[in-house]
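Chains as they are written, first to last, in my numbering: chain A, 84 to 236; chain B, 52 to 287; chain C, 4 to 660.
It should be emphasised that the hints constitute simulated quantities derived from the structure, not laboratory data. Think of the CB as a built atom: it goes at the ideal place given N, C-alpha and C, for glycine as much as any other residue. None of the hints are false.
Quick list of simulated restraints, FRET-style, between CB atoms:
# : chain 1 : residue 1 : chain 2 : residue 2 : range
1 : C       : Y641      : A       : P214      : 46 to 52 Å
2 : C       : V649      : B       : A83       : 24 to 30 Å
3 : B       : F185      : A       : P214      : 20 to 26 Å
4 : A       : D175      : C       : D608      : 52 to 58 Å
5 : A       : L163      : B       : Y143      : 20 to 26 Å
6 : A       : Q170      : C       : G605      : 56 to 62 Å
7 : A       : L163      : C       : L655      : 33 to 39 Å
8 : C       : G627      : B       : F185      : 43 to 49 Å
One side of the interface only, derived from the structure: several residues of chain A facing chain B at Cβ under 8 Å:
#  : residue
9  : T103
10 : T108
11 : R110
12 : L117
13 : Q124
14 : I131
15 : F140
16 : L150
17 : V162
18 : A166
Residues per chain, in single letters:
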Amino acid sequence: MTPQLHNSLLIGAVLFVFGTVGFLTRRNLIVMFLSVELMLQAVALNLIAFGHAYGNFQGQAFTVFVLTVAACEAAIALVLFLAIYQQRKTLDVSIWHELGEVDIREDEPERTKVAMQTEPVPPQDFEILTPAGREPVLPNGSPKTREGASSRA
Amino acid sequence: MLLAEEATAVNLPMALGLPIVLGAIGYLLAVASPLRRKSVPAGVCLLCAAISGWVFWWWPGQPPVEGALCVAFASLMVACGCGMQVEANPVYAALWFALVILSTCGFFLMEGAAFISAATIIVYAGAIIVTFLFVIMLARQTGSSIYDRRFRNPLLSISLGGLLLAVLVYSFQQARPVGAVAAAGALTALEVDTVMQLGNALFVDHLWSVEIAGVLLLVATFGTILIAIQTREDAA
Amino acid sequence: MPSDALIWLIPASPLAAAVLIALAGKRWLRTSSHIPCIAGIGISALYALGLLFATSVSEHPHTSIAYQWFSIGDLTVPVAAYADALTVMMLVMVTCVGFMVAIFAAGYMHGDGGYPRFFAEVSLFVFSMTMLVLSSNLLLLYVFWEAVGLCSYLLIGFWYEKPSAAAAAKKAFLVNRIGDFGFAIGIFLIWMLVGKHLNWQPPAGQSLLDYTTIFQVAGELNAKYHGWLIVASLCLFAGAVGKSAQFPLHVWLPDAMEGPTPVSALIHAATMVTAGVYMIARLSPMLVHVPEAQLVVAIIGGITALLAALIALTQHDLKRILAYSTVSQLGLMFVALGSGSGNAQLLSAAGIAALFHLFAHAFFKALLFLGAGSVMHAMGNVIDIRRFGGLRKIMPVTHWTFLVGSLALAGIPPLSGFWSKDEILVVVGEAAAHGHEPYRNYYAILQNVALLVSLLTAFYTFRAYFKTFWGETKIPKEAGHHAHESPRVMTWPLVALAVCAALVGVALGPTHAFFHHLEHTPGLDAADPPHMSLPVMAMGTMAGLLGISMAWYIYVRRPSVAMNLSLQFPRAYLFSLHKFFLDEVYVRFIVRPIEGLAADSGTFDKSFIDRAVELVGGVPAWFGRGFRQWQTGLVQSYAAIMFMGVAVLVALIFFIG
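Build out the structure end to end from the sequences listed, making use of the hints.
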């Protein structure tokens with residue numbers, strides 16, 4: 084076991100555990116999935132480290148596949164999250180508990196259930212960039228007078 | 052690396068457990084309540100955890116420049132990982148993740164996987180994270196909601212994670228890889244023209260898998276489009 | 004002529020008839036179920052008569068095995084038929100009487116709703132009875148002993164909606180069961196004694212419990228285990244007490260008259276109740292060594308005969324009188340069987356006398372019962388002799404056949420009852436004179452008891468006859484327009500049975516034909532041909548005539564005498580009328596305590612055992628309630644548990660594997 088291999092594996096393990104902890108604790112679907120990607124990244128790190136240690140390119144080849152699968156999975160997962168969002172208008176994963184026993188008490192205290200709102204974001208002033216290049220000519224007038232063009236939040 | 056020495060039984064639990072316990076305490080302090088995020092004690096704890104982890108677990112046998120680079124990238128990776136876990140706002144969490152990807156790619160470069168590092172940055176940071184941001188946008192996420200700020204069962208999760216980490220670290224100490232491990236210097240010859248050799252490995256040894264991966268991507272594309280169309284019809 | 008396997012035709016054809024009627028009866032044979040039944044029994048009767056006249060089977064007893072039933076350790080039990088002279092005689096009696104009763108029943112049960120069920124059960128009964136007679140070993144005998152008990156239960160309770168009939172059926176079955184318990188103990192004792200203690204290996208193809216085994220080891224068994232042999236014999240006799248309605252288990256037979264009259268004629272007069280006599284006769288080679296057991300048999304028979312005769316004096320239900328008469332005659336048969344008294348020659352003569360009386364009794368008792376059935380049919384199901392009278396003008400055929408039966412029962416020469424009763428009296432006298440030393444006095448007493456019973460028999464039989472057929476013509480109003488002679492399908496069996504009752508005695512007794520037929524049976528082969536003893540014949544005839552004349556005097560000349568007698572001896576009259584209160588005694592001292600025990604057991608079961616079971620059932624529920632808490636439905640809970648599993652697995656593999 085060379086030092087480099089050992090250290091890479093160590094870092095990979097730490098990253099994997101970060102991913103696990105994040106998956107188990109976060110309630111936002113998006114961030115849960117980001118933790119999964121973190122775990123996959125740790126695995127890729129391990130693969131590369133082993134490939135380097137054995138002096139061949141099998142590890143790197145497999146990493147390509149891991150990358151490919153991660154990409155597919157990310158795409159499909161995200162579109163499914165969108166579909167889920169359409170159902171209940173929230174990305175909270177603890178909404179979805181129909182498979183459980185019907186009278187298990189939620190671990191959400193009552194008072195916070197009421198406040199299932201987003202915290203208000205202070206209105207921020209973003210710079211309005213000047214358009215680059217020629218503006219297209221639109222049938223109903225100049226683009227600057229289009230409705231809703233000022234809201235860029 | 053203190054752990055690798057033939058430590059007595061007294062040292063082993065401490066060497067394994069101290070960084071983990073410190074990290075757990077720091078994490079709990081950071082996420083326990085919605086108000087105490089980004090507090091100083093949490094940061095101090097996490098920093099101590101990182102340092103003790105480096106002291107006990109790191110194997111300092113690498114050549115100096117390489118070792119320093121490794122440490123640098125590792126610290127960056129750990130710091131960004133922590134940041135991502137502790138961050139409430141999903142957009143900022145995605146950005147922390149991008150930084151983790153960058154540091155991982157640094158590692159890849161040092162291990163002779165230049166193509167992989169480039170590909171990872173392009174695919175992950177360029178495509179996947181951007182897609183995440185698009186979805187966050189489409190899901191009307193403007194800032195962090197209550198469910199972002201409240202963490203579910205942090206104690207149980209960190210205990211599990213700590214247990215897993217302890218087992219893994221201990222097993223790394225004891226494990227010996229099977230097969231010929233090249234000496235440290237023998238790989239430099241391989242580090243020339245890695246892309247071509249990777250291409251060889253892919254398209255000669257694993258041609259089937261490459262083709263199937265391509266089909267997989269195609270099918271995933273179709274699937275995504277179909278579900279998205281369905282979603283739009285349901286919403287409409 | 005009869006070949007080895009064809010003997011199975013005798014039980015098989017009634018069985019086939021039973022199965023056919025059971026399967027097809029309700030739909031297609033609703034009014035013609037009697038045809039398969041009569042045909043089946045008829046085939047058996049023909050074959051049995053063929054076996055009788057072709058004497059090869061009688062002279063050379065012979066076993067034919069159908070298949071091996073089971074084999075445990077040293078005991079193998081085959082389903083086999085053992086045919087010798089005794090078997091053939093019993094088969095002829097069972098099938099012929101059964102044939103005539105079936106024909107009678109086709110007329111008697113006409114229009115009944117359960118017509119197919121009746122004939123299916125009758126066919127099943129004939130099958131069981133023939134198999135009982137044909138069994139080659141004790142265990143198979145026991146099986147068919149129970150089978151005939153079952154058929155008896157089914158047929159007594161034929162009209163099961165009537166509560167009294169259902170209760171009578173249950174009573175018959177349970178009282179039989181008590182006897183069968185003793186029977187089973189007896190079989191176990193024989194098995195143990197022969198198999199383990201004697202350590203005797205049967206030759207190939209023969210079972211440990213076969214009759215031939217018992218015949219072969221009886222002497223050795225007696226030499227080594229005389230006491231145990233007495234116990235085993237008495238246990239086996241207990242079965243006969245139950246099945247043949249001897250004291251104290253006689254209480255079921257009078258109540259069994261709740262069944263249809265053909266059933267009473269077939270089962271409770273001619274065939275089933277004679278199974279006990281058959282069994283004791285079959286085991287003669289064993290009993291010849293135990294005069295103590297034989298004395299017990301004789302004494303119980305004597306008690307039964309006297310008790311039943313006394314009860315029958317005052318009953319006013321015609322079928323009940325005939326039932327008690329059956330019990331009494333069976334008692335006489337057991338008196339005869341028990342007169343062997345330790346002497347092989349005496350035992351053979353005694354056995355043959357008892358079997359002769361069995362044979363004759365079957366015909367005239369069945370005749371009497373069928374006659375009673377004919378009367379019931381005409382009187383609209385009224386059977387109380389106080390309610391009808393003077394029927395000889397209305398029902399001539401029934402009257403004459405009933406008269407023939409009554410004369411036979413009373414023992415008037417030259418009818419069959421005379422010859423058989425005479426032989427019994429001779430045999431008991433021989434036992435009193437030449438039997439085992441300490442017991443001769445008992446047999447002398449029994450001889451006098453037998454004479455007294457003959458007197459009483461003649462009296463109550465003719466009491467019934469005179470009250471039914473003489474006097475002024477009285478017809479109960481239930482009769483309606485039925486009060487005429489029965490149709491031919493019912494009178495022809497009566498005539499046939501009357502002919503048999505008249506002639507069987509003369510044909511078989513003085514000619515020694517019966518004796519010569521049975522003398523090849525193991526156990527009954529040591530006797531000389533019976534000799535005529537004029538003093539005994541004279542005494543028997545005089546007892547009969549005395550009884551008849553007393554009955555004539557009381558019931559025809561001066562009917563008021565009966566009433567005066569019952570008033571002058573009220574206690575005797577009441578005891579006799581109420582069957583000596585035996586049923587009440589049983590209820591008070593046996594039935595009620597057992598019912599109490601059953602109730603207590605039920606309470607114990609409900610409060611302790613049920614609660615224990617519920618407790619055991621509650622444990623999974625309790626666990627379930629605990630584990631339910633884990634099913635939150637949240638992805639992250641499930642993922643957490645999975646990761647925990649992974650961590651534990653890695654640790655296990657690493658540290659142990």
